[in-house]
Amino acid sequence: DVKVTQSSRYLVKRTGEKVFLECVQDMDHENMFWYRQDPGLGLRLIYFSYDVKMKEKGDIPEGYSVSREKKERFSLILESASTNQTSMYLCASSGPGTGTRETQYFGPGTRLLVL
Amino acid sequence: GEDVEQSLFLSVREGDSSVINCTYTDSSSTYLYWYKQEPGAGLQLLTYIFSNMDMKQDQRLTVLLNKKDKHLSLRIADTQTGDSAIYFCAETEGSARQLTFGSGTQLTVLP
Numbered sequence: 001d002v003k004v005t006q007s008s009r010y011l012v013k014r015t016g017e018k019v020f021l022e023c024v025q026d027m028d029h030e031n032m033f034w035y036r037q038d039p040g041l042g043l044r045l046i047y048f049s050y051d052v053k054m055k056e057k058g059d060i061p062e063g064y065s066v067s068r069e070k071k072e073r074f075s076l077i078l079e080s081a082s083t084n085q086t087s088m089y090l091c092a093s094s095g096p097g098t099g100t101r102e103t104q105y106f107g108p109g110t111r112l113l114v115l
Numbered sequence: 001g002e003d004v005e006q007s008l009f010l011s012v013r014e015g016d017s018s019v020i021n022c023t024y025t026d027s028s029s030t031y032l033y034w035y036k037q038e039p040g041a042g043l044q045l046l047t048y049i050f051s052n053m054d055m056k057q058d059q060r061l062t063v064l065l066n067k068k069d070k071h072l073s074l075r076i077a078d079t080q081t082g083d084s085a086i087y088f089c090a091e092t093e094g095s096a097r098q099l100t101f102g103s104g105t106q107l108t109v110l111p
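Chains as they are written, first to last, in our numbering: chain A, 1 to 115; chain B, 1 to 111.
Calculated from the structure, these hints are not laboratory results. Among these hints, one or two may not hold up.
Straight-line C-alpha distance at most 20 Å; calculated DMTMM-like pairs for lysine to aspartate or glutamate [stated by the list, open to error]: (1) A:Lys3 <-> B:Glu38; (2) A:Lys57 <-> B:Glu93; (3) B:Lys67 <-> B:Asp26; (4) B:Lys36 <-> A:Asp38; (5) A:Lys57 <-> B:Asp3; (6) A:Lys55 <-> A:Glu79; (7) A:Lys3 <-> A:Glu30.
A quick note: this is a predicted structure, and the numbers were derived from the prediction, not measured.
Construct the entire structure; sequences and hints are all you get.
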């Protein structure tokens with residue numbers, strides 16, 4: 001089975017702190033994604049990556065950065081957390097060999113509260 | 001850009017069938033997906049359908065695709081309380097690696 005893990009289920013941070021959210025997948029997937037999920041807004045894509053050291057902006061990249069130094073790991077960074085970044089953050093991965101190559105598999109999510 | 005729309009809420013009685021509907025605008029969609037999200041969890045892939053298919057059945061789940069009307073539906077037979085969740089429709093165009101998601105339908109199963 002595809003497994004996508006996220007470093008924390010719940011996180012509480014203060015405004016202005018630097019926050020790291022880690023995501024690891026074990027299926028050798030080439031593509032990885034970070035979304036945020038807010039009530040009534042569905043999933044919004046923040047950043048994605050097609051390969052190691054590659055990154056592409058999604059729909060709402062402002063206030064975020066990402067890092068992909070290894071194929072299995074994709075990190076989301078909040079350089080200076082703000083209260084409007086309180087949200088559920090979901091990581092996903094996709095690649096050949098699992099259903100369609102575009103099928104995305106999700107981690108359990110990290111619920112971030114910024115005070 | 002592409003758009004995927006779903007109604008926000010659906011309530012059904014336990015044992016009845018549920019039908020969750022989705023419309024999309026991208027005429028070049030190749031795959032369409034249904035995901036389920038239980039409270040506090042990530043999204044779980046339920047099923048997907050290729051755009052040249054009309055129907056796909058998997059146990060209690062039936063997916064119907066009307067490509068002409070760009071309408072996708074998910075039917076859950078004999079709905080149980082464990083089916084209460086948010087259901088997301090998503091689509092992708094063949095050369096793209098991203099999925100476009102709907103806003104999700106909250107299914108509530110009443111006893």
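Hint check results:
no., hint, in the structure
1, A:Lys3 <-> B:Glu38, "17 Å, holds"
2, A:Lys57 <-> B:Glu93, "18 Å, holds"
3, B:Lys67 <-> B:Asp26, "10 Å, holds"
4, B:Lys36 <-> A:Asp38, "16 Å, holds"
5, A:Lys57 <-> B:Asp3, "19 Å, holds"
6, A:Lys55 <-> A:Glu79, "17 Å, holds"
7, A:Lys3 <-> A:Glu30, "14 Å, holds"
The structure fails none of the hints (numbered hints given earlier).
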